[in-house]
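Participant: The lines below spell out each chain.
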Amino acid sequence: MATVTTPRRAPGGAGVMPDTPGWARWANDHRKWLFAAPAMAFVAALIVIPLGWTAWLSLTDAEGSVRAESEFVGFQNYLDVLSDTDRFWPAVGRTAGFTLVALLFEVVLGMAIALLLWRPFKGQKWVRVAILMPLVATPVAVGMMWRLIFDPNIGLANQVLGWVGIGPQPWLAGQHSALPTTIFIDVWQWTPMVVLILLAGLSSLSEEPQEAARIDGASTWQRFRHVTLPLLMPTVIVAILLRGIDALKTFDILYATKGRGGGSFHEVETLNVYAYGLSFDYNEYGVSSTVLILFFLIIIGSMWALTARRKEAKR
Amino acid sequence: MKASPAYRVFRVVALVVVVLSLVTPLLWMIAASFKTNVDIYDTGKALVFSPTLDNYATVLKQSHYVQFIGNSLWVAFAATVLSLLLGVPAAYSMSRFNMKKSALVVLMARVIPGVSLLVPWYYVFSNLQLVGGFTVLILSHMFVSLPLIVYIMMGFFDGLPEELEEAALVDGLTHIGAFRRITLPLSVPGIATAGILSFIFSWNNFMFALVLSGADTKTLPVAIFDFVGYASIDWGGLMAAATVVTLPIMVIALFVQKYVVSGLTAGATKG
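Taken in sequence, the protein lines are chains Y and U.
In terms of the numbering used here, the first sequence opens at residue 1493 and continues consecutively.
In terms of the numbering used here, the second sequence opens at residue 9 and continues consecutively.
In case anyone wonders, no lab produced these hints; they're calculated from the structure.
The structure displayed is predicted, hence computed values, not measured ones.
The reader is advised that the hints may include incorrect statements.
Which residues of chain Y face chain U? A partial, calculated answer using Cβ under 7 angstroms [as the list claims (entries may be wrong)]:
hint	residue
1	Leu1607
2	Arg1715
3	Phe1716
4	Val1719
5	Leu1723
6	Val1728
7	Leu1733
The list that follows gives simulated cross-link-like pairs (lysine-lysine, DSSO-like), each with its CA atoms no further than 27 angstroms apart [claimed, not checked]:
hint	chain 1	residue 1	chain 2	residue 2
8	U	Lys109	Y	Lys1524
9	U	Lys109	Y	Lys1803
10	U	Lys108	Y	Lys1806
11	U	Lys266	Y	Lys1617
12	Y	Lys1614	U	Lys266
Note that beta-carbon positions come from the ideal geometry of N, C-alpha and C, so glycine has one too.
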């Protein structure tokens, strides 16, 4: 039936000509899944199945070689890990501390810088370029860069402290100063991300509420506190969400500055660094999978809590 | 209303402080890459020194860095192109047919810790004798690129009016034809944004290459560690290596600033 005199509507809906070959018509009808399927298949093969596998490994005593036999041990690994006050809980504490402190500084500084940049001024373009630079720099290289700057003997940081009369600090080399120093590096690299997100949010706000508050005689601080901030809150929460996920998973700068195991005293060993070490330094696949599943649950839990807050803020 | 003079002065000072604190460390790294190790150790020569190219000679000649630059370029390029091929149509479907659950599955990849996938990948790919090859590196970097591209392109397609496609259907194009001839050409800015971001993230990626690359397929972020010894660090070489990784990406970002910013902030302000 190739020659139809009265064009009828093909199953593909509008636009499908009667002389369209069958396969094209089929493709047109199934375009929804035809377009989505390759990406979904990739995600299933490389993410969903491996994640399921990790969940399975967490219930076994797999260790040594990936080819070695392993036995099902039920929730034994979970009991071991959750009662491990030597490595696991300190790592949880460091992960939480790193993320919360870094986020606090990044959001406060990011908000301040975004407000500075909000209204146009001469040279704004160059400030924006400067803000972009840390953001696109390779994290491992950034770690190495700060390693030189924070070197206790030859680093710029101690030189600068010397000029203002403060004695040299151990920075990354100190058992207690290493984690705060890595937080500083994270804040340096990622505050610009928060600035960009908040600027995008600020520029989408309408001028009217600002104008109305100004006419009512509100001070700059009052306008920020009672007009700008509430309107911007959903964007602030997106910034916290995006930054928080990445901060929880920080690996590159910790590995670059302190090496394996987060240093000789595990002083910057977060959950991600701990899980990496268990997997690829000690080949404890079962235990590392347990840590990873718990880590994953922590991430999902924090995300879920934040998304709930965002819905509240939008109301 | 004009800002008060006091605020304007404060703003200039504050902005100068912000710019200096962001840029100085990077300039310090670049400066150190042109110093001899003796000059790096001499705190008196912090700013005044006689520049040398020795560190770059070390990096480029002795350490196979040219090969590693090629590796990084190839992996980032291939991962980006393949992710665009898979991700752009998927994002289109997810946007037009409102496939929220499928989108959520793809976007979960941004949340999952990479280590939790590395063990199963390592297992499968070492059984297939692929660990250390480019295939597995490119696939692993797609794990970073694909969700990013889907995320950015979904936002882009959401903002592209459907009426244009409907007009094309009336003019006799099929749905796929309308996507190919109308939607895709209009999406070039979005695809550029997604592609650039994906390239940067893949270029900067460290963890996957750390586990999955071999001596010949090392990417630059892994190769940097060649300059960190157990006993001592070749600071000059290390800073030159760090500059070789970072500078190209910063220069690219400078030229395509608009795209990088719109990619990084994609979806941040919509519901």
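Participant: If a hint holds in the structure, say so; if it does not, say that too.
Facilitator: Verification of the hints:
1. Leu1607: violated, 10 angstroms
2. Arg1715: Hint on Arg1715/Y: violated, closest Cβ of chain U at ~11 angstroms, above 7 angstroms.
3. Phe1716: violated, 13 angstroms
4. Val1719: violated, 15 angstroms
5. Leu1723: Hint violated; Leu1723/Y Cβ to chain U Cβ min 11 angstroms, cut 7 angstroms.
6. Val1728: violated, 10 angstroms
7. Leu1733: violated, 10 angstroms
8. Lys109/U x Lys1524/Y: holds, 14 angstroms
9. Lys109/U x Lys1803/Y: holds, 19 angstroms
10. Lys108/U x Lys1806/Y: holds, 20 angstroms
11. Lys266/U x Lys1617/Y: OK: Lys266/U and Lys1617/Y at ~11 angstroms, within 27 angstroms.
12. Lys1614/Y x Lys266/U: holds, 18 angstroms
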